[in-house]
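For the record, the sequence lines run as chains A and B. Start counting the first sequence at 1; every next residue gets the next number (our numbering). Start counting the second sequence at 1; every next residue gets the next number (our numbering).
Simulated from the structure, these hints should not be mistaken for laboratory data. These numbers were taken from a predicted model, which means no experiment stands behind them. Every residue, glycine too, gets a C-beta built ideally from N, C-alpha and C. Be a bit skeptical, because a hint or two may be false.
[What the hints assert, rightly or not] Partner residues aside, some chain B positions facing chain A, computed with beta carbon under 10 Å:
#	residue
1	Phe46
2	Ser117
3	Leu127
4	Arg178
5	Val187
Number of protein chains: 2
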Amino acid sequence: MGRTSDARDRILDSSRRLMRTRGYTALGVAEICAEAGVKKGSFYHFFDSKQALTVETVDGQWTEERRSLEASLEDADGPVDRLRALIECLIGVQRADYGESGTIHGCLYGNLAAEVSEREPEVRRRLVLVFDEQVDMIADLVARARSAGLIGGTGTEHALARALVAQIEGTVLLARVRNDPTLLDDVWPNAERLLGLG
Amino acid sequence: MGRTSDARDRILDSSRRLMRTRGYTALGVAEICAEAGVKKGSFYHFFDSKQALTVETVDGQWTEERRSLEASLEDADGPVDRLRALIECLIGVQRADYGESGTIHGCLYGNLAAEVSEREPEVRRRLVLVFDEQVDMIADLVARARSAGLIGGTGTEHALARALVAQIEGTVLLARVRNDPTLLDDVWPNAERLLGLG
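Assemble the whole structure, with the sequences as input and the hints as a guide.
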């Protein structure tokens, strides 16, 4: 058992690891506490409920992921390369899963959206926010690529960005149900088609 | 209480209705029986477990949906119109949901894939089969459209068909989490982009 301040972080870390694999309903507070090495009493000192933990789990995952996405942009040159870097970073989580455990666990946000959209309004609001921010990041790059004359096609930047996020979520779902990481290789070629690139 | 032969069908009907909304884990056998007006003892006369019921629920839903998809093809003329009819039929379930209840419940197969892929191997095998059959139906039309010189683009018929299924699943997920049916209007324009049409 570490210091109290560590306990909260350990609970959040365990929740992120377990929730993506096991989902929301099947995952109990006791299991999260056991994995985190924290007593159940401590859990309720930090979080009001599993729902409250889930909101913070989504927030924490997205804060970290957004940081990785922003970092991925710095290494790329020009809006099209940046779009590709962003998309590769978004699906990189799945490749890393497969590399480490031999199993694609899917997208935390997509998994939760499919499972609890109608049951947990506060979780749902956070998921909408995460998808909106992903769409905004992509739409910004699509607008830059279009201004630079690098992509053609029709559709507003936001509609195209939503199409890319949908393509990623759908492909990750299909890759997960088959546990086949090679399906992820199609995301960028399909993004090029959606954007009228290449 | 109807005849015994009805009880099985009523359990399956209730399961299809409830599982798409409530998911797998949160839905209990007792709730399904209550909705179906069937005693719990009867349930276990017909089904070994909730897992066994879920396998039959997926099979039953897909058998009926495939019939609707095939019927939608008969009213359409030529492979591109048929592709559009097929896609509109696949997302029509969501529009019907919204029209009837004001809520988009998502795709039964996608919801289950996101929730139980790693926990219920038999359910997963059925989901893979359903997605494979959807891909095959679309790939057949893509091949016909290509032979007729109606679509250009690169990519094998099956890869393009998978891209369309992924676009549908991803868009339905985003439409569900926002409960916004207007997002579904983008599926066909995005299908055109993926296929190099229009």
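Verification of the supplied hints:
Interface restraint check for B/Phe46: the shortest CB-CB distance to chain A comes to about 25 Å, outside 10 Å, so the restraint is violated. The closest approach between the C-beta of B/Ser117 and any C-beta of chain A is roughly 5 Å, which is under the 10 Å cut-off, so the hint is satisfied. At about 5 Å, the closest approach between the beta carbon of B/Leu127 and any beta carbon in chain A falls short of 10 Å, and the interface hint on this residue holds. Taken as an interface hint, B/Arg178 checks out: its beta carbon lies about 6 Å from the nearest beta carbon of chain A, inside 10 Å.
Of the supplied interface hints, the one on B/Val187 holds, with its beta-carbon coming within about 9 Å of a beta-carbon of chain A, less than 10 Å.
Hint violations for this structure: number 1 only, all remaining hints satisfied.
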